Structures are given as structure tokens and as C-alpha cells.
Amino acid sequence: MQLLQQMINGITIGAFYSLVALGYTMVYGVLKLINFAHGDMFMWGAYLGLTGLNVAVALLARTSPWAIPPTIIVVLVTVALMGVLVERIAYRPLRTAGRLAPVISALGAAFILESLARNVYGASYKTYPTGVALVGGINLGGARVGMMQIVVLVVSFVLMSALYLFVQRTRIGTAMRAVSLNHDVSRLMGIDVNRIIAIVFLIGPGLGGVAGMIVALYYGSFDFTLGWAFGLKAFIAAIMGGIGNIPGAMLGGMLLGTIETLGSGYVSPQWKDVIAYLILILILIFRPTGILGEQVAEKL
Amino acid sequence: MYKKCALLLLALVVALSMFTGCKKETGTLKIGLEGPMTGDYAYEGQGFEKAVRLLVDQTNAAGGLLGRQIELVVEDDAGDPTQAALVAQRLVDAKVVAVIGAYNSTATEPASAIYNEAGILHVTPSSTATRLTEKGYQRFFRVCFLDDRQGLFAAQFANEVLGVQTFGILHDNSTYAQGLAEHSKRYAEELGINVAFYDAINPDDTDFTPILTNIGAVGLDAIYFTGYHAQGGLLLKQSGELGLDLTWMMGNACNNPELVQIAGLANAVGTYITTEPLPKDVDYPEAKKFVTDFEAKYGQSPDSVWWMMAAEAFNVIRYAIEQTKSTDSAVLADYLHNTMKDFPGLTGPILGWDEKGDRLGTIHLAYIINDKGELIVNPQQPTK
Numbered sequence: 001m002q003l004l005q006q007m008i009n010g011i012t013i014g015a016f017y018s019l020v021a022l023g024y025t026m027v028y029g030v031l032k033l034i035n036f037a038h039g040d041m042f043m044w045g046a047y048l049g050l051t052g053l054n055v056a057v058a059l060l061a062r063t064s065p066w067a068i069p070p071t072i073i074v075v076l077v078t079v080a081l082m083g084v085l086v087e088r089i090a091y092r093p094l095r096t097a098g099r100l101a102p103v104i105s106a107l108g109a110a111f112i113l114e115s116l117a118r119n120v121y122g123a124s125y126k127t128y129p130t131g132v133a134l135v136g137g138i139n140l141g142g143a144r145v146g147m148m149q150i151v152v153l154v155v156s157f158v159l160m161s162a163l164y165l166f167v168q169r170t171r172i173g174t175a176m177r178a179v180s181l182n183h184d185v186s187r188l189m190g191i192d193v194n195r196i197i198a199i200v201f202l203i204g205p206g207l208g209g210v211a212g213m214i215v216a217l218y219y220g221s222f223d224f225t226l227g228w229a230f231g232l233k234a235f236i237a238a239i240m241g242g243i244g245n246i247p248g249a250m251l252g253g254m255l256l257g258t259i260e261t262l263g264s265g266y267v268s269p270q271w272k273d274v275i276a277y278l279i280l281i282l283i284l285i286f287r288p289t290g291i292l293g294e295q296v297a298e299k300l
Numbered sequence: 001m002y003k004k005c006a007l008l009l010l011a012l013v014v015a016l017s018m019f020t021g022c023k024k025e026t027g028t029l030k031i032g033l034e035g036p037m038t039g040d041y042a043y044e045g046q047g048f049e050k051a052v053r054l055l056v057d058q059t060n061a062a063g064g065l066l067g068r069q070i071e072l073v074v075e076d077d078a079g080d081p082t083q084a085a086l087v088a089q090r091l092v093d094a095k096v097v098a099v100i101g102a103y104n105s106t107a108t109e110p111a112s113a114i115y116n117e118a119g120i121l122h123v124t125p126s127s128t129a130t131r132l133t134e135k136g137y138q139r140f141f142r143v144c145f146l147d148d149r150q151g152l153f154a155a156q157f158a159n160e161v162l163g164v165q166t167f168g169i170l171h172d173n174s175t176y177a178q179g180l181a182e183h184s185k186r187y188a189e190e191l192g193i194n195v196a197f198y199d200a201i202n203p204d205d206t207d208f209t210p211i212l213t214n215i216g217a218v219g220l221d222a223i224y225f226t227g228y229h230a231q232g233g234l235l236l237k238q239s240g241e242l243g244l245d246l247t248w249m250m251g252n253a254c255n256n257p258e259l260v261q262i263a264g265l266a267n268a269v270g271t272y273i274t275t276e277p278l279p280k281d282v283d284y285p286e287a288k289k290f291v292t293d294f295e296a297k298y299g300q301s302p303d304s305v306w307w308m309m310a311a312e313a314f315n316v317i318r319y320a321i322e323q324t325k326s327t328d329s330a331v332l333a334d335y336l337h338n339t340m341k342d343f344p345g346l347t348g349p350i351l352g353w354d355e356k357g358d359r360l361g362t363i364h365l366a367y368i369i370n371d372k373g374e375l376i377v378n379p380q381q382p383t384k
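As you go down the protein sequences, you meet chains A and B in turn.
Here the first sequence is numbered in our numbering, starting from 1 and rising by one per residue.
Here the second sequence is numbered in our numbering, starting from 1 and rising by one per residue.
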């Protein structure tokens with residue numbers, strides 16, 4: 001029973017890592033750039049969700065889970081625009097400047113976003129209004145699955161599937177895959193590369209922002225360092241699954257969440273990172289491109 | 001010009017010291033207060049002065065001590081060890097009978113060496129570093145408690161009030177939390193409690209469901225978390241969401257209104273918190289009178305437990321001088337070590353001091369979070 005419960009715990013954490021990892025992987029796919037600001041856009045999702053929920057609760061004149069759907073849409077749009085803005089200001093001017101400059105620029109954007117959040121919202125822990133998150137849960141063969149855990153899993157699954165289908169089945173998705181293979185050839189084929197990159201920076205951060213809001217809704221409290229804590233783990237999950245690869249990001253996130261949970265549940269929380277990263281190193285030794293990094297020939 | 005000034009100053013000092021010298025028995029009785037009046041801890045230092053000044057004025061109005069008026073000599077150490085050594089020397093030169101201070105252990109340590117050399121009675125209200133009382137200074141005392149006292153209290157509370165037989169302890173690897181956890185474990189085992197779970201969380205995490213699932217599987221009567229409130233709140237929330245039926249106890253770092261916010265009211269209700277009593281909750285008549293007088297004089301309540309401790313330090317010194325009718329520090333120190341027992345202190349009964357100068361007993365209280373999310377004193381407390 002305990003194993004089942006731990007698996008449920010692990011998959012929940014894993015779903016968060018996956019959602020955030022998608023953002024890293026998509027940007028890497030088209031730009032070969034590690035977007036370090038992604039974790040902080042995720043964190044902004046949590047803060048904007050807080051503001052949005054407060055407004056929604058005030059408009060509804062009561063705290064109810066119905067405040068969530070409109071807030072999610074607002075967060076999705078706002079953080080997506082934030083992503084495009086960051087790309088426009090910090091990355092596009094440096095696209096031909098070699099590999100190091102955009103990375104440093106990304107770190108700079110990360111610090112700016114983090115400091116902005118701290119200055120706007122303050123450094124103390126913020127909590128979501130009570131009564132918004134769903135309470136209760138169901139018993140599943142002796143293990144307990146909370147209502148919020150179900151929401152998290154359903155939302156992540158729907159978002160990830162939608163993204164996968166979008167990339168595989170639509171014209172824009174096909175263009176994205178082309179851009180991830182080669183910018184110049186794509187341009188010759190009549191693809192507006194800048195537009196495709198802008199779309200990637202809409203979708204990745206948008207999903208990250210929603211993930212931030214769901215994480216904050218699930219845990220109830222957070223501060224401005226949320227982005228680093230989850231961003232780093234999600235980045236590692238993306239590498240583990242094979243960076244640039246969307247199913248890889250999902251797999252990597254789930255795997256990292258589960259390994260961490262089992263390590264912390266069956267050994268000790270103090271040892272869970274040692275265990276998780278030992279496994280990561282082993283995976284990378286045997287599959288340097290990550291678990292799904294080679295099986296899919298084209299990136300993204 | 002400079003030389004002249006220095007000469008004049010010297011003459012003044014000599015004259016002053018002769019003046020105090022010849023009026024030794026009938027002049028004022030000087031008590032020193034060393035604390036951070038400026039700098040990062042100024043809030044505490046200035047509170048020290050307010051608290052002690054109030055009692056000095058009251059004592060003087062009632063005829064003073066041994067028929068002499070008390071003169072409070074305040075020195076600012078800014079919480080800085082170098083400054084502390086300088087002002088300690090100044091207090092020694094001012095021929096104070098006893099010193100209250102300093103606030104932080106870093107400042108108390110160098111100062112205590114100087115007071116010890118000079119043979120002056122030294123009582124710190126708030127410095128909790130263990131090593132301060134490990135130096136064999138016979139005239140150094142604390143009115144605050146070390147963390148091992150809170151550990152003892154938590155074990156007694158679990159044992160006597162909750163009737164715990166299987167106990168769990170969870171810390172977060174910080175020096176403070178780990179120390180409190182170790183002390184609690186030791187005392188719990190001395191009381192015959194089975195500590196069936198002892199582990200640490202990583203305070204950088206937000207998800208504690210793995211370890212909570214384990215804790216839930218052990219079947220504990222109660223679990224004591226010794227870390228800080230941000231993680232404490234998350235632990236309560238996630239334990240509630242996992243549907244675990246756990247009795248939570250938390251240490252004084254969880255004494256923070258944000259704990260309930262983070263946990264959510266439903267998950268926080270019924271959590272016990274072991275902590276020093278808040279000034280408003282100290283039930284002793286002496287304390288109530290002190291709080292009322294303080295509010296009347298300064299228009300604010302004594303918000304910090306350390307201000308109460310500074311007042312406590314003064315009361316201890318005054319009482320010892322009254323009882324021994326002496327200002328000889330050796331006599332006073334001997335009285336504190338061996339004779340003074342069951343003194344009704346502002347922060348709780350003073351049972352006395354051990355040979356190192358650490359205060360005996362505990363003043364900690366168990367609080368409980370009620371169904372409005374307020375922290376109230378739990379009706380049942382262990383018999384001390």
C-alpha cells in the first residue's frame with residue numbers, strides 16, 4: 001500500500017516537472033538555447049495566478065473553484081506574452097552572437113524576473129485564498145488520491161497531449177519541427193523562422209505559467225525562489241528524457257519525480273538527491289542524449 | 001589644545017572617581033546595562049533599556065535598594081564583539097555592582113571575560129550559545145534558557161499531557177532544529193518514550209508527501225517538528241491532504257501566524273506548539289503588573305520576550321542584593337548558585353541556577369491552534 005501511495009506522490013511531483021520541462025525542451029529544440037528564464041516565468045505564473053484568483057474571488061463574491069478556469073486563461077496569456085517579450089529583448093538580438101552570450105543573457109533575464117517578483121510581491125511566503133483549491137480525495141486500494149492531485153494529473157495530461165498533437169499534426173507544428181532541424185533550410189522553404197520562434201516562446205512559457213499556478217494551488221504557498229527550485233529539477237528532467245524531445249520531457253519529469261519520491265520514502269529525504277542524480281549520471285553515461293534523445297531522429 | 005582637553009578630561013575623571021569613591025556607602029548604586037542600542041539588534045537593545053529603566057524608576061521611587069538610589073549606566077555595544085569589549089571595560093571603570101547584557105552571544109562572550117576578570121556579577125537576558133557557560137565563570141548567569149530546556153519540555157508535554165508512547169521527531173538539518181531534535185529525543189527516551197521515527201527533511205523542498213507517507217505508516221502517537229514555520233505549514237497541509245491522522249507538535253520556530261495560512265485552517269487546527277510564553281499570556285501577577293506598567297509608561301506593550309528577560313535579569317540582581325544586604329559579587333553569585341530558589345519571575349518561576357550558571361526548569365508553554373486559527377495556551381500543561 002505504501003508503495004502505491006508513494007507512486008501516486010511521485011507521479012504528482014513528476015507531472016509538475018514534466019510541465020516545466022516542456023518549456024525548456026521546446027526552446028532548446030528550435031534555438032539550441034537553454035532558456036534559464038523559464039523557471040522564473042513559471043514562478044510568475046504562480047504570482048499572476050494569486051492576483052488573478054483574488055480578482056476572480058472578488059468578482060464572484062465568494063471563494064469557489066470556479067475562480068480557477070478564468071484565472072488559468074489569464075495566466076496562460078500573460079506569461080505567454082512575457083515569454084515573447086523576453087525572447088524579443090534578451091534573445092533575438094543575440095541569435096548570431098555565438099553560444100555563450102545568449103546563455104548569459106538568459107541568466108540575466110532570470111535574475112531580472114526573480115527580482116521583479118520579489119520587489120512587486122515582497123519576499124515573504126504568499127498563500128492562495130483558501131476555498132479555491134478542491135479539497136477531499138478518494139481512497140484507491142488503501143492509498144489516498146487528493147482531488148487536487150487528480151486535477152494536476154488530468155490538466156498535465158491534457159496539456160501535454162494537446163501539445164504533442166499540435167506539434168505532430170498541424171502546419172505550424174510541422175514548421176516548428178522543420179525549424180528545429182535547420183533554420184536556413186526552413187527559411188528557404190518559406191517558413192517565417194522568427195514567427196515560429198515567437199510561437200514557441202508563446203507556448204513554452206504559457207504552459208510554464210499554468211504549471212506555476214497549478215503548483216502554487218497544489219502546495220498552497222510559495223515565494224519568489226519557486227522558479228529556481230522547480231526550474232532546475234525540470235531542466236534536469238528535460239536532459240534525462242532527451243532535451244529537444246517533447247515525449248522525452250514528459251518521461252524525464254515523471255521518472256525524476258518517481259525516483260526522488262522513492263528515494264526519499266524508502267531511504268531518506270536527505271539522500272534522495274544523491275540517489276536521483278546518481279541515476280541521472282548513469283543514464284547519461286549510457287545514453288548521452290537522454291532516454292529518448294536518439295530514438296526520434298528529428299528534434300521536437 | 002588637544003592636550004589641554006585630555007588633561008581636563010583626566011582631571012574630571014579623577015575628580016569623579018574620587019567623588020564616587022568617598023561616597024561609596026551612601027551614593028548611588030550603579031547597575032550596568034550593556035546592549036545593542038544601535039545597529040541590527042537595536043530593537044532589542046532599546047527594549048532592554050525601556051524594560052530595565054521602568055523597574056529602576058519603580059525601585060527608586062520606593063526608596064531604592066539598601067537605602068541607596070540605583071543609577072542605571074547604559075552602554076551601547078551595537079551587537080559588535082569589539083565594541084562590547086570596549087564598553088565592558090567602561091562599565092568596569094564606572095564601578096558598577098552588576099551588569100545586565102549583552103543581547104547576542106557574540107557580544108556577550110568578550111564582555112563576559114572582562115566582567116569575570118573584574119569580578120562583577122554578570123547576567124545575560126538573551127545569549128543562548130552553550131559555550132558561554134562552559135568557561136567556569138563563577139559570576140556569570142543566564143535568565144534565558146538553552147534549547148535543551150525546550151526539548152525537555154516537549155518530551156514532558158508528550159509524555160504527561162498527550163500520553164505518547166510512540167513518538168516521532170522530524171528536523172530540517174539546521175543547527176537550531178537539529179539541536180532541539182537531539183535534546184528532545186534524549187529527554188523523551190529518558191522518560192521511557194519510544195522514539196520510533198527520527199529523520200530530517202530538506203528545507204528547500206516543497207513536497208513532503210514521501211516522508212509523510214512513511215510517517216503515517218509507523219503509527220505514531222505524536223510527531224514533533226523542530227524546524228521553521230514555512231516547512232511546518234506545508235507539512236501540516238500535506239499531512240491533512242494525505243488523510244493522515246497525526247498529532248503534530250512543533251517547536252518555537254513555528255510560532256508564527258503564517259503557519260496557519262500556509263497549512264490552511266482545517267489542517268492546522270489542533271497542532272501543539274512549544275514556545276516561550278508570549279508576554280500577553282504570562283499569567284503571573286508580577287508579569288501582568290509589569291506589562292500594564294510598561295504600557296502606561298511607553299504606550300506600547302513589551303512585544304519581545306527578550307525585553308521581559310532583561311527585566312527579569314534586573315529583578316534577580318535586585319532581589320539578590322536585597323536578600324544578602326550586600327553588593328559584593330562573590331556573595332551575590334553564591335546566593336544565586338546555592339540559595340535563591342522558587343523566585344516568582346516575570347517569565348515564570350525561577351527555580352535556581354546550576355553550577356555553570358544556566359537557569360533551571362523551563363518556562364515554555366504548550367500552545368494549541370484553535371478552530372479560529374488562533375494560538376492559545378493549551379489548558380493542560382505538564383507539571384514542572
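Simulated from the structure, these hints should not be mistaken for laboratory data.
Please read these numbers as outputs of a predicted model, since none were measured by experiment.
Treat the hints with care, as some may be off.
Claimed, not checked - A short list of chain A residues far from chain B (calculated; beta carbon distances all over 10 angstroms): (1) 13; (2) 81; (3) 85; (4) 98; (5) 144; (6) 178; (7) 215; (8) 226; (9) 236; (10) 262; (11) 269.
Stated by the list, open to error - Simulated pairs of lysine to any residue, SDA-like, Cα-Cα distance not exceeding 25 angstroms: (12) B:372 <-> A:161; (13) B:95 <-> B:38; (14) B:288 <-> B:135; (15) B:372 <-> A:64; (16) B:372 <-> B:283; (17) B:30 <-> B:89; (18) B:372 <-> A:54; (19) B:372 <-> A:268; (20) B:135 <-> B:82; (21) B:372 <-> A:278; (22) B:372 <-> A:72; (23) B:372 <-> A:32.
Glycine residues also receive a C-beta, built at the ideal position from the N, C-alpha and C atoms.
Cross-check of the supplied hints:
{"no.": "1", "hint": "13", "in the structure": "violated, 5 angstroms"}
{"no.": "2", "hint": "81", "in the structure": "holds, 27 angstroms"}
{"no.": "3", "hint": "85", "in the structure": "holds, 28 angstroms"}
{"no.": "4", "hint": "98", "in the structure": "holds, 34 angstroms"}
{"no.": "5", "hint": "144", "in the structure": "violated, 5 angstroms"}
{"no.": "6", "hint": "178", "in the structure": "holds, 39 angstroms"}
{"no.": "7", "hint": "215", "in the structure": "violated, 8 angstroms"}
{"no.": "8", "hint": "226", "in the structure": "violated, 8 angstroms"}
{"no.": "9", "hint": "236", "in the structure": "holds, 15 angstroms"}
{"no.": "10", "hint": "262", "in the structure": "violated, 8 angstroms"}
{"no.": "11", "hint": "269", "in the structure": "violated, 5 angstroms"}
{"no.": "12", "hint": "B:372 <-> A:161", "in the structure": "violated, 43 angstroms"}
{"no.": "13", "hint": "B:95 <-> B:38", "in the structure": "holds, 24 angstroms"}
{"no.": "14", "hint": "B:288 <-> B:135", "in the structure": "violated, 36 angstroms"}
{"no.": "15", "hint": "B:372 <-> A:64", "in the structure": "holds, 20 angstroms"}
{"no.": "16", "hint": "B:372 <-> B:283", "in the structure": "holds, 22 angstroms"}
{"no.": "17", "hint": "B:30 <-> B:89", "in the structure": "holds, 15 angstroms"}
{"no.": "18", "hint": "B:372 <-> A:54", "in the structure": "holds, 22 angstroms"}
{"no.": "19", "hint": "B:372 <-> A:268", "in the structure": "violated, 35 angstroms"}
{"no.": "20", "hint": "B:135 <-> B:82", "in the structure": "holds, 19 angstroms"}
{"no.": "21", "hint": "B:372 <-> A:278", "in the structure": "violated, 46 angstroms"}
{"no.": "22", "hint": "B:372 <-> A:72", "in the structure": "violated, 31 angstroms"}
{"no.": "23", "hint": "B:372 <-> A:32", "in the structure": "violated, 53 angstroms"}
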